[in-house]
Amino acid sequence: MAMKPAGSIPGYVDGEWWPRSGDLAAEVAELVSALESWVGIVSRVSFHLGTWGTVPRKALVEDRIVRFGGFLSMDPNTVTVIGVDSRLVSLLVVPSDAPRVWCRL
Numbered sequence: 010m011a012m013k014p015a016g017s018i019p020g021y022v023d024g025e026w027w028p029r030s031g032d033l034a035a036e037v038a039e040l041v042s043a044l045e046s047w048v049g050i051v052s053r054v055s056f057h058l059g060t061w062g063t064v065p066r067k068a069l070v071e072d073r074i075v076r077f078g079g080f081l082s083m084d085p086n087t088v089t090v091i092g093v094d095s096r097l098v099s100l101l102v103v104p105s106d107a108p109r110v111w112c113r114l
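Letter by letter, the sequence shown follows residues 10 to 114 of the working numbering.
Mixed in with the good hints there might be a few duds.
Subject to a maximum C-alpha distance of 25 Å in a straight line, what follows is the list of computed DMTMM-like cross-link-like pairs (lysine to aspartate or glutamate) [unchecked claim]:
#1 K13 <-> D94
#2 K67 <-> E36
#3 K67 <-> E25
#4 K13 <-> E25
#5 K13 <-> E39
#6 K67 <-> E39
#7 K67 <-> D84
#8 K13 <-> D84
Just so you know, the hints here were simulated from the structure itself, not pulled from any lab data.
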């Protein structure tokens with residue numbers, strides 16, 4: 010995962026994320042850990058319904074419940090991570106099988 014540098018021009022996404030697999034539930038613990046300094050305690054991860062296959066409604070991550078929300082209206086190439094205080098980040102998702110040179114912000 011990489012975030013835009015401080016002072017960057019605001020845009021559609023705040024960073025990029027290159028998961029190791031196409032299983033969002035399996036990837037969420039690492040994602041939550043990486044983003045706590047940006048959004049605080051993570052409460053929800055939103056995603057496009059057609060991108061990730063079957064995703065549970067919630068997962069236990071570090072003794073906390075993280076809820077998943079799937080939406081057809083979301084960009085299929087992004088996920089949004091939301092903290093308990095409503096801070097959020099949107100990430101461009103690099104496909105897990107993408108060549109390494111693709112993972113550049």
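A quick look at each hint next to the structure:
1. K13 <-> D94: This hinted pair holds, its Cα atoms lying about 21 Å apart.
2. K67 <-> E36: Given that 25 Å is the threshold and the Cα spacing comes to 13 Å, the pair holds.
3. K67 <-> E25: Roughly 23 Å between the alpha carbons, so the hint for K67 and E25 holds.
4. K13 <-> E25: Holds: K13 and E25 sit about 8 Å apart, inside 25 Å.
5. K13 <-> E39: holds, 19 Å
6. K67 <-> E39: Holds: K67 and E39 sit about 15 Å apart, inside 25 Å.
7. K67 <-> D84: Cα-Cα ~21 Å, so holds.
8. K13 <-> D84: holds, 19 Å
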